[in-house]
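**Q** Start from chain X and add chain U according to the hints.
There are 2 protein chains.
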Amino acid sequence: MSRLCDLTYGIVGLGLMGGSLAKAIRGNVLGAPAAKGRILGYDINVASLEQAASQHIVDAVYDTQAVDKMLAQCDVVYVCLYPHATVQFLKEHRAAFKSGAIISDISGVKALLFANLGDIVREDTDFIPGHPMAGSEREGFAYSSGDIFQNHNYILMPLEHTRPEKLALFRSLISAMGFTRIVETDAHVHDHKIAFTSQLCHVIASALVDSAEDTGVTAFGGGSFEDLTRIAMINAPLWAELFLANRDELLLHIDKFMHSLESLRGYIADGSSADIEAYLENVRTRRVAMNTIVSKAAQ
Amino acid sequence: MSRLCDLTYGIVGLGLMGGSLAKAIRGNVLGAPAAKGRILGYDINVASLEQAASQHIVDAVYDTQAVDKMLAQCDVVYVCLYPHATVQFLKEHRAAFKSGAIISDISGVKALLFANLGDIVREDTDFIPGHPMAGSEREGFAYSSGDIFQNHNYILMPLEHTRPEKLALFRSLISAMGFTRIVETDAHVHDHKIAFTSQLCHVIASALVDSAEDTGVTAFGGGSFEDLTRIAMINAPLWAELFLANRDELLLHIDKFMHSLESLRGYIADGSSADIEAYLENVRTRRVAMNTIVSKAAQ
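Protein chains in written order, with our numbering: chain X, 1 to 299; chain U, 1 to 299.
Some hints here could point you the wrong way.
Here are the computed lysine to aspartate or glutamate pairs in the EDC-like style, where the Cα-Cα straight-line distance is at most 16 Å [said to hold, decoys possible]:
1. X:K69 x X:E92
2. X:K256 x U:E262
3. U:K91 x U:D59
4. X:K256 x U:D214
5. X:K98 x X:E123
6. U:K256 x X:E123
7. U:K256 x X:D214
8. U:K256 x X:D75
9. X:K98 x X:D75
It should be emphasised that the hints constitute simulated quantities derived from the structure, not laboratory data.
Bear in mind the structure is a predicted one, so any value in this text is a computation, not a measurement.
Isolated chain X, as found in the complex (with noise of 0.2 Å):
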């Protein structure tokens, strides 16, 4: 099998995820010895790609019309963009990935991406669709940080005819990356289970923070309301295209936790002091069943 450190690994998009894979790779993977490997760089946007090169995170750039080049020549491509941005991406550049590369995506919600498999995948390549579970309420190659996926989850999807031996190169690559929890799954119970963990969370955040008197409450903060909302500073336009493109997932968790929460509010409301103490013991018995594998404050 190849050396993970002697790969050419491709990057499309560096922002704060695209940037933060290309450190953790990097960081972790090219720094064996005798290491022959490279990562090349394609975004949009000058600076991201200045600003890699000159940290000599990736070894070249490329821009949009040399991006085939690029594509050509790597063993393992990672498209790091918006969910409809990367369908676009994977099908109008189908033709240019190396044959045998491993291509793979962060989409947060994977049915747009399912719906569009035929114009996608190739046979001489293995395209691997994942999510790796961190991120960062920052945006953009400056707050990249291949630190970030230490003792997080990451979900993948392999197709039916993924090969079992590209599929255990790629799980070393997360594996080396500092992911220490790797589910498979197919697209349907991600999106399901993603529009709770994650999706479900940030309209739970935003409607927290919408729901404020003022922005001077947090004088009176002791740590719940900002733990509750720091992924409130939200980026707005890739947020709004994940609650639509899982939207009735997310509906249906919304309305599951309304009733959740309908439920505790009939008992104070009725002052129900042995109805409230039941539902809080049964959660916090639930939660402390919750194996989390992600808990920097609790430790």
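**A** Below, chain U without anything else, positioned relative to chain X:
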């Protein structure tokens, strides 16, 4: 003015909060050269008393029979009990406090306390209600720490006749323990604001865990769900008491939050990208404008 390091401190209730206050006083106040100060501790839990004494956090311990002897010696008394128990303790032991003492509490809701002020205050002591805005999802002296107050908020509700020099002394103690922002307000404003920053957040976190399909969903987590629900590892009897002691304010904020949530839900259901983006842009602007002095993960 008295030196903080020469005073005798009494801690009533050596749980998570009482233990943490005792440790902060021990570590940050009584370490001064030639300090003559002491910390005396009372709890109905003998194990907590023994731990606090064996770890040299307190210099002497008192049981229920002896607690009045402790109070008679203390220049500063911290009552660190649940809201109803705090009121009961302050009433029952009203006559026992040392003349000239500063007495404070840590109750998360103040309406109950202020309704009973007539049976609590004495002319020759200063009762200064307060709320240290810090905590932990863990309970008990074993999890207490003198470091949890660093960079946190403290809310004080001085009474009309609070002696300025006593207030200044108490403020200097609060600063010495690590708090960086002290807000002075009244009980009504406190309860209104805290219903939002603290109680509503615990309601939301609890409802979110309640609405989870199963406890395995965290295999699909990237940090958002974990951050939003850490406080759902909740002390059920304490929070049931807090919710009911501040019921009207809490219901008001729950309803306001649900209204905000329904607006965003409506935009998503309508597929209105422009409305979602405008909502999220406004939320982002508001959240960034909030001066959060507690912000570990965002650093």
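**Q** Work down the list of hints and note, for each, if the structure agrees.
**A** How the hints compare with the structure:
no.: 1; hint: X:K69 x X:E92; verdict: holds, 14 Å
no.: 2; hint: X:K256 x U:E262; verdict: holds, 13 Å
no.: 3; hint: U:K91 x U:D59; verdict: violated, 26 Å
no.: 4; hint: X:K256 x U:D214; verdict: holds, 13 Å
no.: 5; hint: X:K98 x X:E123; verdict: holds, 12 Å
no.: 6; hint: U:K256 x X:E123; verdict: violated, 54 Å
no.: 7; hint: U:K256 x X:D214; verdict: holds, 13 Å
no.: 8; hint: U:K256 x X:D75; verdict: violated, 52 Å
no.: 9; hint: X:K98 x X:D75; verdict: holds, 7 Å
Hints 3, 6, 8 from the earlier list are contradicted by this structure; the remaining hints agree with it.
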